[in-house]
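S.K.: Listed below are the residues making up each chain.
Number of protein chains: 2
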Amino acid sequence: MPNHGISEAVIKRLPRYYRYLNDLSEQGVERISSAELSKIIKFPGSLIRPALMHFGGFGRKGYGYNYRSLYEEIGKILGLDKAQTMVIVGAGRLGQALANYVRFEKRGFRVIGIFDSNPELIGSTVRQCTIQSASELTAFLDNNHVDIVTLAIPRKDAPDLARMVTEHGVQAIWNFTPVDLNLYLPENVVVENVHLSESLMKLSCDLQRIREKDS
Amino acid sequence: MPNHGISEAVIKRLPRYYRYLNDLSEQGVERISSAELSKIIKFPGSLIRPALMHFGGFGRKGYGYNYRSLYEEIGKILGLDKAQTMVIVGAGRLGQALANYVRFEKRGFRVIGIFDSNPELIGSTVRQCTIQSASELTAFLDNNHVDIVTLAIPRKDAPDLARMVTEHGVQAIWNFTPVDLNLYLPENVVVENVHLSESLMKLSCDLQRIREKDS
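Those sequence lines, one after another, are chains A and B. Each residue of the first sequence is one higher than the last, beginning at 1 in the numbering used here. Each residue of the second sequence is one higher than the last, beginning at 1001 in the numbering used here.
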């Protein structure tokens, strides 16, 4: 059942919902009313109830939902019900930080390769992965199933590298470079951007505005 | 002139516009038509022209805009016309990666302090900054002007730490923890979130969906 007929806007919020429900689960909560749920996920209860219904009749109004089925269903839509393999290209500080982020493993994302072109990094180990030469990347992609490639490389290298990995079958790129890779890639490739500089500028902008308001 | 009467939706896009215009500048481009500009920033020319007008009459239709005044104006709105100071709390791999991100310095963001509670990290140096004990953070905030605090710490510590730094005058938090800090903070504090896990889950979700579409 592709995407359960849920709207694009809800799809976009699913990772957040999943995080909230995961928090509930870690707190040992068993059931939750749609009113409470709507408080947590900041979404009107009147909109949550029909959305919940998409996931099947696992709740009874007034009694509260056993949110665990919702949690699991959302996990499936997010692809978290199966292990996914990831390769990180760029083993600088950011690439290494990402390789070491335990939270990803908990969600089933497994780093199976790290690549860099810097001879000083090649051969050293990051979280049970030996950093390999970037020149070996295409062979690696041909010989291993790789779901996601994470790009933590200089911007000038990003378009060519993104094109190359997609030519070797990769359909998902987690992009930390300040480049709009979509412009360079076929339509059946998905790109998720983490633009750190833009995020910081947005914060700076909001700070100026709140200061102007205060003054 | 607070925010120049520009809509919230445009404000949100300013960091991206700034990045595009910065790219033009680095490529040595002098003038650009609103049609070209709209192609780059993927926004209809009919909407760009009035937006440009907010920034003053620095262009002549048909002749092309000298986008540099636009670039500078956007920079001002983003607060990039003056240096801003940043403190990073959490000197793990992510905190260190952020401290070393050169692109921020180019935009005028200067890291003036890095703090951690891990005795093994305290005293070592990251980009000309000595990692200080987290216990010294409040004194540091009282004795230095700090515009932005970046949180790259375990989630359980995030609410208390965020509250504490805002009590010591900080109004902007760049939040890398998977916690909605707004819930814990006064209204005159701005928070910008980088939720890495959510970003990765969104990518995974998009990947599932494009695979379903392809199959």
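Certain hints may be false.
What the hints assert, rightly or not - Lysine to aspartate or glutamate pairs mimicking EDC-like chemistry, simulated, CA-CA at most 16 Å apart:
| id | chain 1 | residue 1 | chain 2 | residue 2 |
| --- | --- | --- | --- | --- |
| 1 | A | 76 | B | 1198 |
| 2 | B | 1156 | A | 198 |
| 3 | B | 1106 | B | 1026 |
To be verified - Which chain B residues face chain A? A few, computed with CB under 10 Å, are given here:
| id | residue |
| --- | --- |
| 4 | 1014 |
| 5 | 1020 |
| 6 | 1106 |
| 7 | 1160 |
| 8 | 1164 |
| 9 | 1167 |
| 10 | 1168 |
| 11 | 1169 |
| 12 | 1171 |
| 13 | 1188 |
| 14 | 1199 |
| 15 | 1206 |
| 16 | 1208 |
What the hints contain is simulated information worked out from the structure, not anything from laboratory work. For glycine and all other residues, C-beta sits at the position ideal for the given N, C-alpha and C.
S.K.: Against this structure, judge whether each hint is valid.
M.R.: These are the hints, each one checked on the structure:
no.	hint	verdict
1	A:76 <-> B:1198	15 Å, holds
2	B:1156 <-> A:198	27 Å, violated
3	B:1106 <-> B:1026	13 Å, holds
4	1014	6 Å, holds
5	1020	9 Å, holds
6	1106	9 Å, holds
7	1160	17 Å, violated
8	1164	18 Å, violated
9	1167	16 Å, violated
10	1168	16 Å, violated
11	1169	12 Å, violated
12	1171	6 Å, holds
13	1188	6 Å, holds
14	1199	6 Å, holds
15	1206	4 Å, holds
16	1208	4 Å, holds
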